[in-house]
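Residue numbers (the numbering used here), protein chains in the order written: chain A, 1 to 351; chain B, 352 to 711; chain C, 712 to 1054.
Think of the hints as simulated: they come from the structure by calculation, not from any bench. Careful, some of the hints might be misleading.
In silico negatives: residues of chain C with every beta carbon more than 12 Å from chain B [claimed, not checked]:
#1 753
#2 758
#3 781
#4 795
#5 804
#6 805
#7 915
#8 954
#9 970
#10 1021
#11 1047
Stretch by stretch, here's where chain B covers chain A in the computed footprint (C-beta under 8 Å, at least three residues) [unchecked claim]:
#12 240–254
#13 260–266
Straight-line distance between alpha carbons at most 35 Å, and here's what the computed DSBU-like set of lysine-lysine pairs gives [as the list claims (entries may be wrong)]:
#14 B/378 / B/457
#15 B/356 / A/242
#16 B/481 / B/525
#17 B/457 / A/242
#18 A/242 / B/378
#19 A/242 / B/533
#20 B/533 / B/457
#21 A/121 / C/907
#22 B/525 / B/504
#23 B/356 / B/504
#24 B/483 / B/533
#25 B/483 / B/457
#26 B/483 / B/525
#27 C/860 / B/483
#28 B/483 / B/504
#29 B/533 / B/445
#30 A/113 / B/378
#31 B/356 / B/378
#32 A/181 / B/533
#33 B/378 / B/445
#34 B/504 / B/378
#35 A/242 / B/483
#36 B/445 / B/356
#37 A/121 / A/77
#38 A/242 / B/504
#39 A/295 / B/457
#40 B/481 / B/533
All C-beta atoms in this analysis are idealised placements derived from N, C-alpha and C, irrespective of residue type, glycine included.
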Amino acid sequence: MRLGILLGQRRNGPGRPLHWTDIAAYVYLALGVMLMFGPVLWLVLSSFKTESALLEFPPSLLPFAQVEVTVPGQPQKLPLFRTTLPDGSVRELAQVRRIGLVAQMVDPADPSKQYRVAIDKREPVRRVALATENYSEPLQRFAFLRFLFNSVFVTVVATLITLLINSMAAYGLAVYQFPGKQAATLAVIGTLMIPMTIILVPVYLVVTELGLANSLWAVILPGAATPTGVFLLRQYMLTLPKDLIEAARMDKASEWQIYWRIVMPLTLPALAVLAIFSIMWRWNEFLWPLAVLTKTEVYTLQIALNAFQGELQTQWHYLLAMTVVTLIPVALVFVFLQRFIATGIGSTGMK
Amino acid sequence: MAELKLTGARKSFANIDVLHGIDLAVKDGEFVVFVGPSGCGKSTLLRVIAGLENVTSGEVLIDGERVTHLPASERGLAMVFQSYALYPHMSVAKNMAFALENMGLKPAEIQARVARAAAMLRLTDYLDRKPKALSGGQRQRVAIGRAIVRDPKIFLFDEPLSNLDAELRVATRKELAALHAKLGGTMIYVTHDQVEAMTLADRIVVLNAGRIEQVGTPLELYNRPSNAFVAGFIGSPRMNFLPAVVTSDDGTLRLTVGERELELPRTASGLVAGARVTLGIRPEHIDVASDTGMLGATVDLVEQLGGEAFIYASAPGLPQITLRQDGQSQFHRGDAIAIRFAADHLHIFDATTGAALARP
Amino acid sequence: MSDAPTAARPQPGMAAGALARVAVLPVGLALRVLDPPMRWLQRAIGVRRMAYVFLLPNFAFFGLFVFLPIGINIVFSVTGGTALFPSERPYVGAEQFAYLFDCGSYLDPSSCREDHFWRGVANTTKFVVFQVTAMVLFSLITALVLNMKIRGRGFFRAVYFFPVLLSPVVVALIWKWILQRDGLLNAAITTLGGQKILFFVDPGWAMFWAVFVSVWAHMGFYTLILLAGLQAIPADLYEAAEMDATPRWRVLTRITLPLLWPNMIVVIVLALIKGAQTFDEVFVLTGGGPGTATLMVVQYIYETGFASQVQNFGLAAAASVVLGLVLFVLTLLQFAAARRKEI
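Using the sequences plus the hints, can you model the full thing?
Printed below as a string of structure tokens:
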């Protein structure tokens, strides 16, 4: 009894002394959080900085913008500076104009007073401000909505086709005995071994011959029949009791009805896994769209983003904002389905 | 309501014969039970009737119509599965309505039929529940309800009670009997439990290794088993089988059993001196006498059940003998007893073929 | 078995269920419409042959976009010229392969006629060796730590896992932003008194960051596989070890690691297969540069077949056949490993 109490305390009790490995573990995890989350956080923070703030070095942590004030008698808003005056006093003055190394300043509280200040004697007054124009401007300046629509269209349509034809094939392989079944199963496994990367050129030929080049269907169709999906669904369907299918046959259901009224609803957990994977694959797909889409109007977000990072070398403020938009759906999927994806990957070993 | 006829139904899986040519006729409204040890082919036979398996050769006829090659969904039969096979994603009502929807009935008709079946099976309060939220007995009743609403030609039951606990099994058994009396449909029922077979069946079909051993009413099988297999399978505890050798058969049959000689006042045709036979006697047909008897034995074990007692005794040169006593037994382990067989209830089987030898 | 139809099976989160339901809804309508023709078809051809009907769409896609292309790829690799259509291409036998393999010394890419291919091979090999080593090491440590009884395990697991979901382009841009000349990292370096480093101008640094970013992005995936393996080790083994007062390091080396070995093999082989196909992250991060310092084989194939002025399909196909063979061998390794795992 006493031994049991001791053991219990050792394992769960509050009085357990921390082993050095525990401390090491927490340190490792804290570093991990910084390294894994830090960069994304930095991306999001940076995406809200103004173009000029992005050019600062060293960069500030939070997005700051210079305070601007309206001064009576001045047509435009004026930037505010913390100025050290010749007498040594420090005041917040608005800059009217700058001439060479000297700035003409005005006191917002008393617009009649004007000062001439050397520009190294003043510092901008700044406060945290979100440069939302980084997000709103690309919407007008580039066909950003078009790319967003293309990506959404490809992702949704491709996922639906994948779910349908993969589940049909999985059902055929899981439920029936027929000549050629083994060959078909082997073909699926074989396909699993052929990554898109090594048949890039001939798939391009096929797609061109089908007249699909430079259309979204060229992205959607070639990857629609995933061997991973067939395999995952088949494995799951094999765990369904055969009795259910036979009961449905006794209940006068046709094979097609058994497929979509009995087996599909019961395969929902696996279908959901496949749907999430498919959404991830399609949303993030890069190499194939890059190869097959050459016209700007059919670009998906990923391709557009890649094109921009070439074109907009100096326009990081747009690029960062668009990157954030691109990762939003994935972030949402992550927040809501994290545990579920994790178990899916953990148990199937695929992604 | 329908008749069923099987002629020469043979089924083999990958060159292994599971059914060796079954001939069977089931009358309209009859309750027939297939019984046998596991692996005897009784479930396969049921599935062949259902259309879930195709016969390798032979014919299946329902109401005189050849359905041998019709798939299950076109035969118009209903089946209650051992696992119940309720659709887990459908409510009780949906489970029962599924087949009716497939038959293309009108919604009002479907609802009426489901309501009627639910009332009959005391499921009205559970119609909106999913199977997961039901107890074992309730699931069982849903499975039966799913068959009833169909108003099928024949009801098929595949060991429907084997997943219930003992108490519920007895209760449901009685309900099934009542249901058959009420609906009067043709029912075919598979079980490995001979008590279920005895209590439910109009006729029992005893199967063994893919062959029919005997077909008959429960008491026919009990009283006049046509072979040692049926004799051993029907009745609990099992019939005692004792090896014996015929010494003479001249109006009186003399047998050597163990170290004793038995005299039976009757003949068994075709028995010659020296023939080896198996003597069959049920535990309830053996009496204990404390003084003189046919056979002396020693008590190995006594099982007191209160209302009855089972004594396991051994006699020299014989396998252990089970006997049943009414009430409570006064014997204990190690007691020497004398036992006497009720001669009217002795069965004699051929030692090699197991066939029952003709009785006078 | 008895309760199988109703037994609790792993249910997705409510959100996942709802998501799937919404996604399947329009398909559901199509499925219903197909009821009568399918029933008619079933009557016509029989129950058993319906299997082919179910297989047909998926295998049509396989045929068109996998099996046919494999054939074309092989045709491409043994034909020359610039035509895209196979029948218009003259047969050249093994010429493409000979060209690809024409090298003074295989250890020195610049001695090869197709030096970019061999730089790609060299870079990919280097990349894979470093990446797989780092990947296995860090995902093992992370999995071991995440398997400890620590507070907030779910949160930490999520932290390590989430980059897996990010697109390669996003991953590359995130790091490109940090690593640029006036980026966060150089700010940190100058704050500590160092000099700014031009990471993408130095070949060594470029390769280092290519490996680093790839490990950063995919580590969570391998961690999960190892974590699944760790959690499959029966708890009573640890309890028995605790009753025997086994020291922690001995528990690790004598119980945990040996039992985790099958999963480790899966991780190593999977990382090899994926590493050999590396393209997108590195391509966006470094563009293959500086020069050809981080040019990978797949990038070579892509550029030879698509991006260069003179598209050389034959050479790209030949290179992809070579890559395919390597991947095939690696995949066989994976199956062997998976089989060992089952035993």
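(request) With a cut-off of 35 Å on the C-alpha distance, tell me whether residue 533 of chain B and residue 445 of chain B pass. (result) Holds - the C-alpha atoms of residue 445 of chain B and residue 533 of chain B are around 25 Å apart, at most 35 Å.
(message) Run the distance test for residue 295 of chain A versus residue 457 of chain B: straight-line Cα separation, threshold 35 Å.
(response) Given pair residue 295 of chain A, residue 457 of chain B is violated - Cα atoms ~55 Å apart, limit 35 Å.
(message) Would the hint linking residue 533 of chain B and residue 457 of chain B be met if the CA-CA limit is 35 Å?
(response) 26 Å, holds
(request) For the pair we were handed, residue 181 of chain A and residue 533 of chain B, check the Cα-Cα distance against 35 Å. (result) Violated, because 47 Å separates the two Cα atoms, which is more than 35 Å.
(message) Run the distance test for residue 481 of chain B versus residue 533 of chain B: straight-line Cα separation, threshold 35 Å.
(response) This hinted pair holds, its Cα atoms lying about 28 Å apart.
(request) Compare the distance between the alpha carbons of residue 378 of chain B and residue 457 of chain B with 35 Å, and conclude whether the hinted pair is satisfied. (result) 32 Å, holds
(request) Count residues of the stretch 260–266 of chain A with a Cβ under 8 Å from any Cβ of chain B, then say if the count reaches three. (result) holds (count 4)
(message) Is the listed coverage of the stretch 240–254 of chain A by chain B valid when you require three or more residues with a beta carbon under 8 Å from a beta carbon of that chain?
(response) This one holds; 12 residues, not fewer than the three required, reach chain B with a Cβ under 8 Å.
(message) Verify this label for me: residue 753 of chain C is non-interface relative to chain B, using a Cβ-Cβ cutoff of 12 Å.
(response) 8 Å, violated
(message) What's the verdict on residue 121 of chain A and residue 77 of chain A, does the C-alpha distance respect the 35 Å limit or exceed it?
(response) 21 Å, holds
(message) residue 242 of chain A and residue 533 of chain B were given as a pair; does the straight-line alpha-carbon distance stay at or below 35 Å?
(response) Holds, at roughly 32 Å.
(request) Determine whether the non-interface label on residue 1021 of chain C survives the test: each CB of chain B must be over 12 Å from its CB. (result) 58 Å, holds
Hint violations for this structure: numbers 1, 2, 30, 32 and 39, all remaining hints satisfied.
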